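So the sequence shown is numbered by this note's numbering: it starts at -15 and just counts up by one.
The hints are simulated quantities; they were obtained by calculation from the structure and are not laboratory data.
Mixed in with the good hints, there may be bad ones.
[Claimed, not checked] Cβ pair distances, simulated, as ranges:
(1) Gln49 <-> Ala29: 19 to 29 Å
(2) Pro75 <-> Gln10: 17 to 27 Å
(3) Phe38 <-> Asp7: 15 to 25 Å
(4) Lys16 <-> Phe38: 13 to 23 Å
(5) Arg(-1) <-> Phe38: 13 to 23 Å
(6) Pro75 <-> His13: 32 to 42 Å
(7) Ala79 <-> Ala54: 38 to 48 Å
Treat the numbers as computed from the prediction; the structure is a model and nothing was measured.
Beta carbons are placed, not taken as given, at the ideal position from N, Cα and C, and that holds for glycine.
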Amino acid sequence: MPCTRCFHSLSSDSRRLIGVIHDATQEGHGAKLTDGTHLLKATNAQVGDLAASFQAGEIERLARQQQRDAAANLLGPPEESVESACKIFRPKIQARAA
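Make the full structure from the sequences, and use the hints.
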């Protein structure tokens, strides 16, 4: 059961961070965008979703370079990737916890 709670926490964090990233982009808040993408990158790497982690890293890199418009263009895929990873990992973790 602890494994399931850990995964739930990480997947919830990913969804929350995507919201933070969207808000930061709309507000033009560079530091908030960089911080949010950095945390999303780490969170996704922890659950093994390396594709979403890489995409978040790209958004973070662009944000650090003050290329917010280019970063905003990459926002859709991580959101889809997080949902996809949740669908893949949730049953595996639940099976291990049983």
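So, going through the hints one by one against the coordinates:
Take glutamine 49 and alanine 29: their Cβ atoms lie about 21 Å apart, and the range 19 to 29 Å holds. A beta carbon spacing of about 35 Å between proline 75 and glutamine 10 contradicts the range 17 to 27 Å that was offered as a hint. With their beta carbons about 22 Å apart, phenylalanine 38 and aspartate 7 fall inside the hinted range of 15 to 25 Å. For lysine 16 and phenylalanine 38, the hinted distance range of 13 to 23 Å is satisfied, since their beta carbons lie about 21 Å from each other.
In this structure, arginine -1 and phenylalanine 38 meet the distance hint of 13 to 23 Å, their C-beta atoms being roughly 18 Å apart. Remark: the range hint 32 to 42 Å for proline 75 to histidine 13 is upheld by a beta-carbon distance near 37 Å. Range check, alanine 79 to alanine 54: Cβ separation about 40 Å, and the 38 to 48 Å hint holds.
Consistency note: the structure conflicts with earlier hint 2 alone.
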